[in-house]
Amino acid sequence: DFATRLEAADAIGQAGDPRLDHNDPAYWVRVEGGPFWMGAQKADPNGRNYDRHARKDESPVHEEKVRLFAMGRYPVTVLNYLQFVEGGGYGQEKFWTAGGYGEYSEPQNWQRQLGYPNRPVVGVSWFEAAAYCAWAGGRLPSEAEWECAARGGRPGVRYPWGDEAPDEYHANFREGGPGHPTPIGLYPEGATPGGIQDLAGNCYEWVGDWWRDDYEKPAEPGERTVIRGGTWFDRARYLRVSDRNSSRAGGRGRGLGFRCVQDLPTV
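Quick note on numbering: our numbering labels position 182 of the sequence shown as 376, and the sequence is numbered without any gaps.
Source of the hints: derived by calculation from the structure; they are not laboratory data.
Please read all numbers here as calculations on a predicted model, not as lab measurements.
For every residue, glycine included, the Cβ atom is placed at its ideal position computed from N, Cα and C.
Hints should not be assumed to be uniformly reliable.
[Stated by the list, open to error] With a straight-line Cα cutoff of 30 Å, these simulated DSSO-like cross-link-like pairs (lysine-lysine) come out:
hint: 1; residue 1: Lys236; residue 2: Lys250
hint: 2; residue 1: Lys259; residue 2: Lys411
hint: 3; residue 1: Lys259; residue 2: Lys236
hint: 4; residue 1: Lys236; residue 2: Lys411
hint: 5; residue 1: Lys250; residue 2: Lys411
[As the list claims (entries may be wrong)] Distance ranges between label pairs, derived from CB positions:
hint: 6; residue 1: Ala237; residue 2: Ala202; range: 45 to 51 Å
hint: 7; residue 1: Ala237; residue 2: Lys259; range: 21 to 27 Å
hint: 8; residue 1: Pro212; residue 2: Lys236; range: 41 to 47 Å
hint: 9; residue 1: Ala359; residue 2: Phe427; range: 16 to 22 Å
hint: 10; residue 1: Asp457; residue 2: His247; range: 31 to 37 Å
hint: 11; residue 1: Leu276; residue 2: Asp238; range: 45 to 51 Å
Please model the entire structure based on the sequences and the hints provided.
The structure is reproduced here in structure tokens:
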């Protein structure tokens with residue numbers, strides 16, 4: 195029963211969830227990287243990465259190559275972020291954007307979020323997400339790394355778990371969720387083959403790239419950066435591995451979270 199699982203998961207978070215230590219090797223999932231076909235298109239049903247829901251900004255389908263890396267098994271949680279704040283992780287009081295200076299501050303609705311330590315932290319800006327990742331010994335993933343991890347080495351796959359349509363067992367989204375963020379890992383059937391969880395739904399995830407309208411245009415620093423994965427209030431079509439969106443880098447929307455990656459040495 196979902197309500198019982200949700201109550202139990204929140205209770206574990208309040209009692210002390212053992213999965214949240216980013217210093218534990220089990221927290222990180224190795225992603226082999228290599229070449230893969232990124233993006234989606236709806237012009238040719240027989241073409242590569244066909245998806246009838248693909249939008250223009252997901253095209254053209256193109257080959258990317260990423261290096262070996264490790265990705266956090268879960269989005270960064272409220273407890274993780276609290277440790278960062280208490281540890282003085284911001285490092286500076288202001289950050290520069292194309293629109294002027296912005297200030298680091300508490301995440302949106304922070305006092306309410308503190309009651310749910312193992313839910314994803316949301317309402318953080320891109321700059322704050324990047325600051326956390328640096329403090330934790332990592333960085334934000336590139337957009338290509340994020341999609342490579344979500345595809346899990348399966349060409350043309352639509353969702354992190356495969357091609358099966360999203361439902362209440364795979365992800366937290368508008369049609370199948372409780373109407374708010376849920377504790378990390380509550381949808382194990384939605385994991386990638388490597389065990390990365392919550393890449394679809396629950397919260398959008400900041401990535402390191404500036405926004406571009408399609409993959410043929412260069413990415414230039416500006417006001418908006420890329421977010422991936424869909425969130426708890428999105429419809430199923432936004433959970434696809436190729437779906438892209440953007441947000442103002444200094445914004446703190448109610449669905450904006452993130453996860454970290456680490457570089458791994460290659461032999």
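Which numbered hints are broken by the structure, listed smallest first?
The structure breaks none of the hints.
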